[in-house]
Amino acid sequence: MSRDTLTGSRIRERRLIAGLRQSDLARDVGISASYLNLIEHNRRRIGGKLLVDIAAVLGVEPSMLTEGAEAALIATLREAAVDAGAVAAEVSRVDEFAGRFPGWAEVLAKEHRRVASLERTVETLSDRLTHDPHLAASLHEVLSTAASIRSTSSILAEPGELEAEWRDRFHRNLDQDAERLAESSKALVNYLDESETSEERRGVPLEEVEAFVAANGYHFEALETGAPVPEAMTQGLTQGAARKIGQDLLSQYAVDAKVMPIADIQKALSKHGMDPIALSRVFRTDLPSVFRRLASLPPEILSYEVGLVVCDASGSILFRKPLVGFALPRHGEACPLWPLFTALSRPLVPIRRRVAQLGRTAAEFDCLAVAWPQDMPEFDRDPVYRSIMLILPVASAETGQSDAQLVGSSCRICPRDICGARREPSILSEGF
Amino acid sequence: MNRRVLLIEDEPNITEAIRFLLTRDGWQVVTHADGSDAVEVISNENPDLVILDLMLPGKSGMEILRELRELEGMEKLPVLMLTARGQSRDREMAEKAGVSRFMTKPFSNAEVLTAVRDLHAQATQL
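Sequence order for the protein chains is H and C. 137 is the number of the first residue of the first sequence in this note's numbering; add one for each residue after it. 15 is the number of the first residue of the second sequence in this note's numbering; add one for each residue after it.
In case anyone wonders, no lab produced these hints; they're calculated from the structure. Just so you know, even glycine gets a beta-carbon here, dropped at the ideal spot from N, CA and C. Do not rely on the hints blindly, as some may be mistaken.
[Claimed, not checked] SDA-like mimics (lysine to any residue), calculated; alpha carbons at most 20 Å apart, straight line:
(1) C:K73 <-> C:D39
(2) C:K73 <-> H:A272
(3) H:K322 <-> C:P120
(4) C:K110 <-> H:E560
(5) C:K73 <-> H:R559
(6) C:K110 <-> H:P561
(7) H:K407 <-> H:K380
(8) H:K407 <-> H:Q371
(9) C:K73 <-> H:P435
(10) C:K73 <-> H:H276
(11) H:K457 <-> H:R482
(12) C:K110 <-> H:R559
[Stated by the list, open to error] Facing chain H, according to a computed beta carbon distance under 8 Å, are these residues of chain C, among others:
(13) E25
(14) E30
(15) I32
(16) F34
(17) L35
(18) T37
(19) M69
(20) G112
(21) R115
(22) K119
(23) F121
(24) N123
(25) L127
Start from the sequences, fold in the hints, and give me the full structure.
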């Protein structure tokens, strides 16, 4: 049954949720109960003032009762069905399900969103657990104390008499461990809370620089003239190494801004659209500079967000500007299938790939990558390459039109079992 | 003669609980809490089985295991490794280093007892 024929079913469900009798609702909106009955069983179409009146009595927006009102809900339900994989959900009848059982549909969609959120948390924590020694030590403390409590309490819970000396000792141990667990859990929670907000908990210098650039929206108005970077700009960075990295990054920004002034790039974008090759020709500069510049433009110049990743020849991530839907691991160890890394095997050859990242969102992106020598060439010296990848969102109307290359975020949280690029098993396949 | 187990663990309350469990199960339990001289202690005590924590002060359980397996006569000594780090790479490293069994915290008492009994039974059948 199509969605537009189910307005009546939705009215019925909403009426029952509101605890109204059919006759009461009919009276309130000035129609007969038998006519309302026909509407509720989808035997009469409804619209206009009557629909508005019914919605008002039921305390919902009219759009909740009509076609399209459940679009987001239905999209979430479809996503839940796809994620469930082998489960044979009646996807073709999802409209009917949402119409007939809006409450249950909401519950399912809510649970699906919650699972997605928890998976993202696992992803973040897993990433941090691997690379953050403080977090690893804190969790070790918590788990060791939990092990002690579990072992001790199991002994105490066993049937039969325990010698008084042992019993007292285990009670004491349990008391100590409980206190220790409370303290270590509190410290861990504080650490996790602080790490989201504190300036002091930036971990490695690169992270501190990323946080600094992100806080400025990746755009520095003061550098748009191409003037040298004042040292004061990076004085807020706490670590010396971060200040050095930040200074280099901002100097590069100033150079890019001078080569591609904001007014000129705005005009070039109007004329050529999002075509980095054309922009590179217009400004007689290389693609990495164009990519960097595009990623630094404010919303009034470029109306949509773009992502950017830079790595060195070892694959270590040097800079990341995240883009919603395209997960970037915090500390490198990214998916080797990213065009960013493919470009390293074909230096100076621009690569463009439509990719879809495995996982919850499964959104598509256009990834444009190129690897370039970091320094000027010298005789008898191997060039050292870096690679840069611009990540462009793909309009939903365009998705699914071509075969997108499936990539992951990092092996640890990638659900794809069979992959020639896999480095290590995924925690997702281990029951998380 | 009592079967002897050497428990190398720096968490005193875990040590106490495991010592109680194994003593009740008929084991003679020797304990040690420092990693730096653990290999010497194992050599001197000559236990039937070792329970080894991964994260120890002085020297990690992984290093101790590697050094132990280099010693003559210690190649087959059953070693049960305990760790709060359950990552697959730690497990793989421990297996490469010659661990007999790998157990993640928090474990149950039954798991520890079963593992110790199994490892000892396997070792005595060899």
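Okay, the hints, checked on the actual structure:
1. C:K73 <-> C:D39: With Cα atoms ~30 Å apart, K73 of chain C and D39 of chain C exceed 20 Å; violated.
2. C:K73 <-> H:A272: holds, 17 Å
3. H:K322 <-> C:P120: Holds, because 19 Å separates the two Cα atoms, which is no more than 20 Å.
4. C:K110 <-> H:E560: Given pair K110 of chain C, E560 of chain H holds - Cα atoms ~16 Å apart, limit 20 Å.
5. C:K73 <-> H:R559: violated, 28 Å
6. C:K110 <-> H:P561: Holds, at about 17 Å.
7. H:K407 <-> H:K380: Not OK: K407 of chain H and K380 of chain H at ~37 Å, beyond 20 Å, violated.
8. H:K407 <-> H:Q371: Measuring from Cα to Cα gives roughly 39 Å; hence the hint is violated.
9. C:K73 <-> H:P435: violated, 54 Å
10. C:K73 <-> H:H276: holds, 16 Å
11. H:K457 <-> H:R482: The hint is violated at about 23 Å.
12. C:K110 <-> H:R559: holds, 17 Å
13. E25: Holds - the Cβ of E25 of chain C comes within 8 Å of chain H, reaching about 5 Å at its closest.
14. E30: Cβ of E30 of chain C sits 6 Å from chain H, so the hint holds.
15. I32: holds, 7 Å
16. F34: holds, 6 Å
17. L35: holds, 7 Å
18. T37: violated, 10 Å
19. M69: This interface hint holds because 6 Å falls under the 8 Å limit.
20. G112: Violated, about 21 Å.
21. R115: Given a least distance of 16 Å, the restraint on R115 of chain C is violated.
22. K119: This hint holds: K119 of chain C lies near chain H, its Cβ roughly 4 Å from the closest one there, short of 8 Å.
23. F121: Holds, because the Cβ-Cβ distance from F121 of chain C to chain H comes to roughly 6 Å (cut-off 8 Å).
24. N123: holds, 5 Å
25. L127: Violated - the Cβ of L127 of chain C stays beyond 8 Å from chain H, reaching only about 11 Å at its closest.
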